[in-house]
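Residue numbers (the numbering used here), protein chains in the order written: chain A, 222 to 517; chain B, 222 to 517; chain C, 222 to 517; chain D, 222 to 517.
Among the hints, erroneous ones may be present.
Below are the DSBU-like pairs computed for lysine-lysine, each with C-alpha atoms no more than 30 Å apart in a straight line [claimed, not checked]: (1) B:K371 with C:K291; (2) B:K510 with A:K509; (3) D:K265 with D:K327.
Calculated directly from the structure, the hints in this document are not laboratory data.
These numbers come from a predicted model, not from an experiment.
Protein chains: 4
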Amino acid sequence: TLQHIFKQIFKASLELQEDDHSKALLVSRKKQPQDTIVTIRGEKVGNGEQRLIAGPCSVESFEQVDEVAKALKKEGIKFLRGGAYKPRTSPYDFQGLGEEGLKILKEIADKHDLAVISEIVTPHDIEKAVDYLDVIQIGARNMQNFELLKAAGSVDKPILLKRGLSATIQEFINAAEYIHSKGNGNIMLCERGIRTYETATRNTLDISAVPILKQETHLPVFVDVTHSTGRRDLLLPTAKAALAVGADGVMTEVHPDPAVALSDSAQQMDIPQFHEFMKNLEESGLYKKTQAASSK
Amino acid sequence: TLQHIFKQIFKASLELQEDDHSKALLVSRKKQPQDTIVTIRGEKVGNGEQRLIAGPCSVESFEQVDEVAKALKKEGIKFLRGGAYKPRTSPYDFQGLGEEGLKILKEIADKHDLAVISEIVTPHDIEKAVDYLDVIQIGARNMQNFELLKAAGSVDKPILLKRGLSATIQEFINAAEYIHSKGNGNIMLCERGIRTYETATRNTLDISAVPILKQETHLPVFVDVTHSTGRRDLLLPTAKAALAVGADGVMTEVHPDPAVALSDSAQQMDIPQFHEFMKNLEESGLYKKTQAASSK
Amino acid sequence: TLQHIFKQIFKASLELQEDDHSKALLVSRKKQPQDTIVTIRGEKVGNGEQRLIAGPCSVESFEQVDEVAKALKKEGIKFLRGGAYKPRTSPYDFQGLGEEGLKILKEIADKHDLAVISEIVTPHDIEKAVDYLDVIQIGARNMQNFELLKAAGSVDKPILLKRGLSATIQEFINAAEYIHSKGNGNIMLCERGIRTYETATRNTLDISAVPILKQETHLPVFVDVTHSTGRRDLLLPTAKAALAVGADGVMTEVHPDPAVALSDSAQQMDIPQFHEFMKNLEESGLYKKTQAASSK
Amino acid sequence: TLQHIFKQIFKASLELQEDDHSKALLVSRKKQPQDTIVTIRGEKVGNGEQRLIAGPCSVESFEQVDEVAKALKKEGIKFLRGGAYKPRTSPYDFQGLGEEGLKILKEIADKHDLAVISEIVTPHDIEKAVDYLDVIQIGARNMQNFELLKAAGSVDKPILLKRGLSATIQEFINAAEYIHSKGNGNIMLCERGIRTYETATRNTLDISAVPILKQETHLPVFVDVTHSTGRRDLLLPTAKAALAVGADGVMTEVHPDPAVALSDSAQQMDIPQFHEFMKNLEESGLYKKTQAASSK
Numbered sequence: 222t223l224q225h226i227f228k229q230i231f232k233a234s235l236e237l238q239e240d241d242h243s244k245a246l247l248v249s250r251k252k253q254p255q256d257t258i259v260t261i262r263g264e265k266v267g268n269g270e271q272r273l274i275a276g277p278c279s280v281e282s283f284e285q286v287d288e289v290a291k292a293l294k295k296e297g298i299k300f301l302r303g304g305a306y307k308p309r310t311s312p313y314d315f316q317g318l319g320e321e322g323l324k325i326l327k328e329i330a331d332k333h334d335l336a337v338i339s340e341i342v343t344p345h346d347i348e349k350a351v352d353y354l355d356v357i358q359i360g361a362r363n364m365q366n367f368e369l370l371k372a373a374g375s376v377d378k379p380i381l382l383k384r385g386l387s388a389t390i391q392e393f394i395n396a397a398e399y400i401h402s403k404g405n406g407n408i409m410l411c412e413r414g415i416r417t418y419e420t421a422t423r424n425t426l427d428i429s430a431v432p433i434l435k436q437e438t439h440l441p442v443f444v445d446v447t448h449s450t451g452r453r454d455l456l457l458p459t460a461k462a463a464l465a466v467g468a469d470g471v472m473t474e475v476h477p478d479p480a481v482a483l484s485d486s487a488q489q490m491d492i493p494q495f496h497e498f499m500k501n502l503e504e505s506g507l508y509k510k511t512q513a514a515s516s517k
Numbered sequence: 222t223l224q225h226i227f228k229q230i231f232k233a234s235l236e237l238q239e240d241d242h243s244k245a246l247l248v249s250r251k252k253q254p255q256d257t258i259v260t261i262r263g264e265k266v267g268n269g270e271q272r273l274i275a276g277p278c279s280v281e282s283f284e285q286v287d288e289v290a291k292a293l294k295k296e297g298i299k300f301l302r303g304g305a306y307k308p309r310t311s312p313y314d315f316q317g318l319g320e321e322g323l324k325i326l327k328e329i330a331d332k333h334d335l336a337v338i339s340e341i342v343t344p345h346d347i348e349k350a351v352d353y354l355d356v357i358q359i360g361a362r363n364m365q366n367f368e369l370l371k372a373a374g375s376v377d378k379p380i381l382l383k384r385g386l387s388a389t390i391q392e393f394i395n396a397a398e399y400i401h402s403k404g405n406g407n408i409m410l411c412e413r414g415i416r417t418y419e420t421a422t423r424n425t426l427d428i429s430a431v432p433i434l435k436q437e438t439h440l441p442v443f444v445d446v447t448h449s450t451g452r453r454d455l456l457l458p459t460a461k462a463a464l465a466v467g468a469d470g471v472m473t474e475v476h477p478d479p480a481v482a483l484s485d486s487a488q489q490m491d492i493p494q495f496h497e498f499m500k501n502l503e504e505s506g507l508y509k510k511t512q513a514a515s516s517k
Numbered sequence: 222t223l224q225h226i227f228k229q230i231f232k233a234s235l236e237l238q239e240d241d242h243s244k245a246l247l248v249s250r251k252k253q254p255q256d257t258i259v260t261i262r263g264e265k266v267g268n269g270e271q272r273l274i275a276g277p278c279s280v281e282s283f284e285q286v287d288e289v290a291k292a293l294k295k296e297g298i299k300f301l302r303g304g305a306y307k308p309r310t311s312p313y314d315f316q317g318l319g320e321e322g323l324k325i326l327k328e329i330a331d332k333h334d335l336a337v338i339s340e341i342v343t344p345h346d347i348e349k350a351v352d353y354l355d356v357i358q359i360g361a362r363n364m365q366n367f368e369l370l371k372a373a374g375s376v377d378k379p380i381l382l383k384r385g386l387s388a389t390i391q392e393f394i395n396a397a398e399y400i401h402s403k404g405n406g407n408i409m410l411c412e413r414g415i416r417t418y419e420t421a422t423r424n425t426l427d428i429s430a431v432p433i434l435k436q437e438t439h440l441p442v443f444v445d446v447t448h449s450t451g452r453r454d455l456l457l458p459t460a461k462a463a464l465a466v467g468a469d470g471v472m473t474e475v476h477p478d479p480a481v482a483l484s485d486s487a488q489q490m491d492i493p494q495f496h497e498f499m500k501n502l503e504e505s506g507l508y509k510k511t512q513a514a515s516s517k
Numbered sequence: 222t223l224q225h226i227f228k229q230i231f232k233a234s235l236e237l238q239e240d241d242h243s244k245a246l247l248v249s250r251k252k253q254p255q256d257t258i259v260t261i262r263g264e265k266v267g268n269g270e271q272r273l274i275a276g277p278c279s280v281e282s283f284e285q286v287d288e289v290a291k292a293l294k295k296e297g298i299k300f301l302r303g304g305a306y307k308p309r310t311s312p313y314d315f316q317g318l319g320e321e322g323l324k325i326l327k328e329i330a331d332k333h334d335l336a337v338i339s340e341i342v343t344p345h346d347i348e349k350a351v352d353y354l355d356v357i358q359i360g361a362r363n364m365q366n367f368e369l370l371k372a373a374g375s376v377d378k379p380i381l382l383k384r385g386l387s388a389t390i391q392e393f394i395n396a397a398e399y400i401h402s403k404g405n406g407n408i409m410l411c412e413r414g415i416r417t418y419e420t421a422t423r424n425t426l427d428i429s430a431v432p433i434l435k436q437e438t439h440l441p442v443f444v445d446v447t448h449s450t451g452r453r454d455l456l457l458p459t460a461k462a463a464l465a466v467g468a469d470g471v472m473t474e475v476h477p478d479p480a481v482a483l484s485d486s487a488q489q490m491d492i493p494q495f496h497e498f499m500k501n502l503e504e505s506g507l508y509k510k511t512q513a514a515s516s517k
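Let the hints inform the model, and build the full structure from the sequences given.
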């Protein structure tokens, strides 16, 4: 019948359109079938080995970060995170140490040969950050701060882009495209939970987003188990889920003394909890210490 | 200061209240610390071994279900699902074979020594279902159909309770309590995705719900990877995530010829895809065939 | 170009399909362009005059309901609501007086010549309810309890169907179609808020749903300002919004002594607050007392 | 009993805490009981009279904006909106005319004595914008771009702050506080719909947010009926709802030829539709033309 033919044409047209759309994007797997591998201080991300990123929510002092750095070294972890500019809901909450924080991260990085990751929140600071950081993070609240994305796309430094609080996967991919379209293809994506009606967790970890992002783009995909759950007791099971589902890595928060942390005290692990976490992760068979680490 | 003391009292009171509340529930782990193990046709669920439940969305004919049953046997799977009463958005969609479907399931169960699971949608049919089924399923749309829950609590038959489309974890636990409060403690919970703004998947699989439900209750917890994602290409990675996160089992849909299925054609695996799925699951190290199966 | 032609065909096909779909539904305005007017105890709903439905959350005693009934009469309101079967999250919360509650409502109805509305939660009770009630309500949690909808469609009694907690408008319309398809076309719809991430209100009142439902169907549409907001201080402004947006009526809760109410104490008005609410509503020019009432 | 006393203390403590929190905020009504009235080109906003803001989604040319400006004058509307910097999901969509757009707006403003409103998306442009605009808009995607908020708080120019796509009301209020805390108290809030599972509308207009924001803060509150619904057919009913619920004004989009608009073509009114919209709004009794306009 005529209607049947129409339906066939309809479907064909729809697929055609979607195809065209995806083909056009630089971050799309249709544009580049092979995985993007990002090299950071000699360590590769996205090459099939799964990585951990850990560190305190906020940089508070050299000593605090140094203690975490030592714990990371022990576990053979290369990537240290720590917030210097903190986007906080209230203007009266601790806003981070700013450039002072970046300096501390740089010192730590040099002392321990670690790669440091920190969030930048305004285009103006991107260029400055290049001198201090190994990876520039764009946070969830700024995922559609397009001027910031363009600035991040204009420097030669790997970018870790977090999914917005209620961004669709398509919007997330387009945000990455903003960066790539300006010339910087060293992008890593990070699922960090989405906002839903459920209040048992801080956000709802959208675990399915990981295989979708791996299919649709050629970029490495991380899972931030700390911000997605907001609960220390869920870090281990969700980290396992993230590794099992095919993430290129897991990001989590560690603090020498979470109870006195200037932000997010309820969800960070202390050092012994962190070593326990790593031990359990390895025993599960889902995570392998890197060569370098295990040989030490 | 006075305010500090108030805050302490406040916290103490809050915890006291929550404690009391959880203690009162029969399904709560505070009430019963050890895991509930449900025995179905001689096979245990919730004992630490992870189970699979598979089968067609709808029972369409004896031959259709029989073919799926054979595939299950080959994989050492004991639990066969299949819908006889189908809750459908439109009154003009296929509504299931009804009691005829239950009879087919019973025949299949006897022929292959499988345990059969099917959804019942009205209190009136619960008693009848007891004669045909090994497990009675309460579906997502009926999670707060309290009369149905009470009826399910009044029979001596294991219940598989699915989380509502937008139920909180607390509401889910209370729905289970409705069943238990009527005397039936053989309850299995099933996370099946929640409704969010994201349209890339049919629902958003709330993977964190699994460890929370395992902590809060003593009941076995399944993950339905088919209805949560609605995408065949996501069944394998989400099944891995479910097993890694600590679920007691995974539920998925298999149909001899999904293209002609009377419901949910886009998300069911065909038989070869199902064997491939099982092979990959085993190779991942996350799933172990049961003794019985591997010895055959 | 070819692609442009494809797009045109695509659009045409899409509209054709949607048209067909809507035409098929008995509740669709495409099927019946003129408004359905439901007559209840001689009073019309859906005829352009806007109605109020008010009453306690739960029927607790004859005296309690009688007091509310008198307040309604004073305001010229014809429709009294009151819950006899209460669907509650926990099995240990007050579950309503059941049939005893229906009897009280019937007595009140006869005494004051009011039309009484109450929720029925299981197919088995529908027939019984016909003798007691003027309108049978299907609640939000049962919007997709299809067996209940079919039972409601099989009796000759007006139905007030509430939108599910996270039902789409399309699902809501299809739920109404379940009732109509069984022969009962006297259906009134009721928007009562949807579940979102926002916690400032109990639910999020989806005010846009009202004009959409009026366009898509020929059925009267109410707004339940009590359950959508869950806040006494928002009843007046949201009632005004509902009347302004084109609803056929507003539903709200009134209780002689909300502080001791057995359910929903925080959101019900007491009698003086209710008279104040009515006074403000009339003064806003958005609501007109019915002829009958103002002449008394 | 002891537990009862605990509960009372608990409640008291809770209220104490919340009170303290709200008192601390400069935008809170607890801090300043009387309404903030913002004066823009001699016209007051927040003084009890309800205002309209209208204009094209994007500034495309002088002629385009001029045509809309004339239509606004005819209706006695003082506030013209138009986007010069457009935050778009894809980097390949039209991004606005930038500073060229601001210049066009300034010319129009001077020609017709209108107040012009446009979105600024990066801190760097805020100071420049002061010379061109009467009101600086902060868009939904930038509601938690805290550096932008701080920059907006440092200039002497009224700010229209839109609610984020999935911001809670508390986060919205805190975003306003970021502006106020830097010294600029001339802030107007704008509800523009939130992201939910419902797809019948572009967003879900959270109409209850208006009275809540009016209670919690002393700032004027607008409703953007265009972005919240995304449907031309819903502009009139939702504008009525917004005025009825107590908003200080309504924002909507008008374009001389929506079909060829460079953005949002499906949701803008053309000029005759706009005059029809205004006529209906006045006839509803919910909107009054300003003195100046009606005297012409």
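Taking only the CA atoms, is the gap from K371 of chain B to K291 of chain C under or equal to 30 Å?
Answer violated: K371 of chain B to K291 of chain C is near 37 Å, above 30 Å.
Compare the distance between the alpha carbons of K510 of chain B and K509 of chain A with 30 Å, and conclude whether the hinted pair is satisfied.
Roughly 25 Å separates the two Cα atoms, so the pair holds.
Does the structure keep K265 of chain D and K327 of chain D at a Cα separation of 30 Å or less?
20 Å, holds
In the structure shown, a violation is registered for the earlier hint numbered 1 alone.
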